[in-house]
Amino acid sequence: MSGSEWTDPRPMSPHVQIWKWHWTMAASIFHRVTGVGNYLGALLISVWVISIAAGPEAYAFVEGIMLSPIGQILLFFWLTSLLFHFANGIRHMLWDGPKVGFQPKVASGWSVFNFAFAIVAAATIWSLATNLF
Amino acid sequence: MSTDFETPTAAARGLGSAKSGTGHHIHQRVSAIALIFLVPWFLYAVIAASRSGFEGATAWLAQPWNAILMILTLGAAFYHMRLGMQVVIEDYIAKAGMKQGLLILNTFVCFGLLAATTLSVLKIWISAGG
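So the sequences go chain by chain: A and B. Using this note's numbering, read the first sequence as starting at 1418 and increasing by one per residue. Using this note's numbering, read the second sequence as starting at 3 and increasing by one per residue.
Mixed in with the good hints there might be a few duds.
Claimed, not checked - Output of the computed footprint for chain A on chain B, the stretches with three or more beta carbons under 8 Å from beta carbons of chain A:
no.	region
1	25 to 36
2	39 to 50
3	54 to 62
4	68 to 79
5	84 to 97
6	120 to 128
Source of the hints: derived by calculation from the structure; they are not laboratory data. Cβ coordinates follow ideal geometry from the N, Cα and C atoms, glycine included.
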C-alpha cells in the first residue's frame, strides 16, 4: 500500500485484530479447529482398527500407545473435539434446514452451550467408560 | 472506478462460480446427517470393544452389525473429513502448487484410510467365519 489512500469501493471485512471476541465467533472458529482435530483423531482410530486386523502383536503395540498418558490425553482431547463438532454441526443443520437460532441472544447462548456440552459430555463419557466397562 | 462488487477481471470474463459449490455443500450436509446417527453408536461401540484386549476387539468386529456400522461410520467420516479439509486448504493456502499438492494429499489420505480400514474390518469378519 505504501502510504496511499484506500480507494477500492468494495466493502472491506473488519480486520481480525480489531474484533472483540464473542461466543458465536469462537464457536465458528472452533468448529473448524475441531474439524481438523477430528481429522487427526480419525488417523489414530484408523490405526487402531487396522491393528486389530494386523494381529495380536500389532494390537498390543497400539493399545500400549493408547493407554499411555500421552495417548489418554490425546484421546480425551479427541473426544472433546468430536463432541463440540457434533453439537455445533447439529446447529449448522438447524441453521440450514428450519433456519432457527439466528437471533443474537439465542446464537450466543447456543454457542456457550456447545462448549459446555463438549466438556461435560466428554468428562461424563470418560468416567462412564472407565467405571462401567 | 467501478462500483460493482465484481473484480474487473471477473466482469470481463463474465463467469460466475465454478458451479460445484452447491454439490459440495449438499454432500457435506448429507454425510453429516449420517454421522449424527453413526457417531453416538461409534463412541459406545469403540469404548466397549477396546476394554477387553485383542480377543474382545476381534470378537466385537466379527459381529455383522458391528462390521457394517463400522464401515459405514468410517466411510461417512472419511468423506466428510475430505470435504471439510478441502475447504480449510482452499481458504488458507494461497500458493497454487502447495494448495493443489495438499488437496491431492487430502484425497489420497482419505481414500487410503477408507481402503485400509474397510479391508481390515472385512478381514476380521471373514476370518471369524461370520
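Now the hints, each set against the structure:
Interface restraint, the region 25 to 36 of chain B with chain A: holds (3 residues with C-beta to C-beta distance below 8 Å; minimum three). Check on the region 39 to 50 of chain B: 5 of its residues sit with their Cβ under 8 Å from a Cβ of chain A, so the three-residue criterion for coverage holds. With 4 residues having a Cβ less than 8 Å from any Cβ of chain A, the region 54 to 62 of chain B passes the three-residue criterion, so the hint holds. Check on the region 68 to 79 of chain B: 3 of its residues sit with their Cβ under 8 Å from a Cβ of chain A, so the three-residue criterion for coverage holds.
Coverage of the region 84 to 97 of chain B by chain A holds in this model, with 3 residues showing a Cβ closer than 8 Å to a Cβ of that chain against a need of three. With 5 residues bearing a CB less than 8 Å from a CB of chain A, the region 120 to 128 of chain B meets the requirement of three and the coverage assertion stands.
Violated hints are absent here; each numbered hint is respected by the structure.
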